[in-house]
Amino acid sequence: MGEIQVETENKKYEPKIAAFLCNWCSYAGADLAGVGRIQYPATIRTIRVPCSGRINPLYVLKAMANGADGVLVSGCHPGDCHYISGNYVARRKFALIKSLLNHVGLEEDRISFSWVSAAEGGRFAEVVKGVTERVSALGPNNGIFKVVDGGAADE
Amino acid sequence: MNKIINDIRETARQLLAEGKVDVVIGYEKGSLPLKATPCFVHSSEGVDSLIWDETCENNLATYVAKTPGKKAIVAKGCDSRALAVLLQENQIVRDDLYIIGVSCHGVIDQRKIGAEVGEILEASISDGKISVKGMEGDKEYLFTEVKDATCQTCRYPNPVMEDLHIGDTIEVSQEAAAFADVEALESKSDSERQEYFKEQMSKCIRCYACRNACPLCYCQECFVDCNSPRWLTGGVNRAENLLFQAGRVMHLAGRCVDCGACSRACPQGVDIRALNRKMTKDVYVMYNHESGISEEGKPALNEYSANDPEQFLVKE
Numbered sequence: 001m002g003e004i005q006v007e008t009e010n011k012k013y014e015p016k017i018a019a020f021l022c023n024w025c026s027y028a029g030a031d032l033a034g035v036g037r038i039q040y041p042a043t044i045r046t047i048r049v050p051c052s053g054r055i056n057p058l059y060v061l062k063a064m065a066n067g068a069d070g071v072l073v074s075g076c077h078p079g080d081c082h083y084i085s086g087n088y089v090a091r092r093k094f095a096l097i098k099s100l101l102n103h104v105g106l107e108e109d110r111i112s113f114s115w116v117s118a119a120e121g122g123r124f125a126e127v128v129k130g131v132t133e134r135v136s137a138l139g140p141n142n143g144i145f146k147v148v149d150g151g152a153a154d155e
Numbered sequence: 001m002n003k004i005i006n007d008i009r010e011t012a013r014q015l016l017a018e019g020k021v022d023v024v025i026g027y028e029k030g031s032l033p034l035k036a037t038p039c040f041v042h043s044s045e046g047v048d049s050l051i052w053d054e055t056c057e058n059n060l061a062t063y064v065a066k067t068p069g070k071k072a073i074v075a076k077g078c079d080s081r082a083l084a085v086l087l088q089e090n091q092i093v094r095d096d097l098y099i100i101g102v103s104c105h106g107v108i109d110q111r112k113i114g115a116e117v118g119e120i121l122e123a124s125i126s127d128g129k130i131s132v133k134g135m136e137g138d139k140e141y142l143f144t145e146v147k148d149a150t151c152q153t154c155r156y157p158n159p160v161m162e163d164l165h166i167g168d169t170i171e172v173s174q175e176a177a178a179f180a181d182v183e184a185l186e187s188k189s190d191s192e193r194q195e196y197f198k199e200q201m202s203k204c205i206r207c208y209a210c211r212n213a214c215p216l217c218y219c220q221e222c223f224v225d226c227n228s229p230r231w232l233t234g235g236v237n238r239a240e241n242l243l244f245q246a247g248r249v250m251h252l253a254g255r256c257v258d259c260g261a262c263s264r265a266c267p268q269g270v271d272i273r274a275l276n277r278k279m280t281k282d283v284y285v286m287y288n289h290e291s292g293i294s295e296e297g298k299p300a301l302n303e304y305s306a307n308d309p310e311q312f313l314v315k316e
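Residue numbers (full-length UniProt numbering), protein chains in the order written: chain P, 1 to 155; chain A, 1 to 316.
Because the hints were derived from the structure by calculation, they are not lab data.
By construction, the Cβ of each residue, glycine as well, lies at the ideal position given by its N, Cα and C atoms.
Take these hints with a grain of salt, some might be off.
To be verified - Quick list of the computed label-pair ranges, beta carbon to beta carbon:
1) Arg48(P) with Glu89(A): 25 to 35 Å
2) Arg37(P) with Lys203(A): 50 to 60 Å
3) Gly235(A) with Pro50(P): 23 to 33 Å
4) Lys12(P) with Lys188(A): 43 to 53 Å
5) Lys66(A) with Pro50(P): 45 to 55 Å
6) His77(P) with Glu303(A): 18 to 28 Å
When you get a sec, could you build the whole thing from the sequences and use the hints?
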């Protein structure tokens, strides 16, 4: 028991990152990274969505509120959407989510957006590495979405 | 009795008598001083309760879709913009709507007065002067001193669409939209902004008055009431409050007409507009879009262009 304790204490901080990946490109890109045995940090928790256009801004907010340290959203490159225009519509939403959350004081690097195609297994690994590094540098998500005592007047 | 009120009443009387509309949505004197309340006139006998002054702060577009039958509505600039968005989104039928347009000089920010004189007991308005008798003292204000923050930067005091215009129109400069309030916040550091919004979100009691006052919050089931999935757990703390406020603001992105109804409805004085204005600015800067300035067109998030900016992407 004691040994396990020691192990967790020495363990490097590993962020939990919710990754919303579109079924047709980024999810396949992640798959390709796996098939190609490309190493990347095991920090992401993949959530497969049909299209980046399917991503409700509330998903991102809820993930942060539920304790994710970061969120990664990835879809097909603009012009390559399986549903023709899903990621074009999503792009405007993404820009606004990022801007809004940054405005309320969430660190910019906590929420990341990227386009990764099904052929970009290597790049997917790079994106996850980059995002993990930046979120790790920020540490746990203790900012605007964290309430310690659960009370309304905690400040 | 000023001419505008007279004309509104006459128009309402005519419309109702001729059977052109079933109901006229306007304002009547509220039970509290400096507070007008929305009023639904169904017959020509009731038209004399209609008023028009600087206390007509509600956005009446909120009630249009919920009111059955053909209706006439007294609309300020922001009301008409909200109507335009509702039309763009097919929420209302133009043929069922008769818009009585009135140019608006702005509405009174009661919170500002209340902060100085305490609870407002009596008040009267004449010639741009407001004399107030409050719990903690009396004071006289110039209207420009207590104009609501929204109205100070208003670019559309004249209705953007109307069937009839009452009173004069107001000259407005055709300069690009100014966002000094947003820029002031943006120039602060992340942690300062975080502190500011933590404070604001701690004040919110999630009464949803902002949502109910908003003309564009018309979802049959709001995400906060949704049980599956349960976006909000029901606790009132500032993280949940932020989830609500940010979620609502995202729903309004590219649609909000900046009427300020949410802020005025808020019993806690939460700076809701700080979020809405940020989105309005982003949409304006990034997509060169202003919501509800014509019946045609679509809300910004229903459209896209191949060249939309992509600064938000990661560098890899």
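Now for the hints, and whether the structure bears them out:
Between arginine 48(P) and glutamate 89(A) the Cβ separation comes to about 30 Å, which falls inside the hinted range of 25 to 35 Å. Separated by about 52 Å at the C-beta atoms, arginine 37(P) and lysine 203(A) satisfy the suggested range of 50 to 60 Å. The beta-carbon spacing between glycine 235(A) and proline 50(P), approximately 32 Å, falls within the hinted interval of 23 to 33 Å. Between lysine 12(P) and lysine 188(A) the beta carbons are some 33 Å apart, a value that contradicts the proposed interval 43 to 53 Å.
Our hint of 45 to 55 Å for lysine 66(A) and proline 50(P) is violated, since their Cβ atoms are close to 34 Å apart. In this structure, histidine 77(P) and glutamate 303(A) meet the distance hint of 18 to 28 Å, their C-beta atoms being roughly 20 Å apart.
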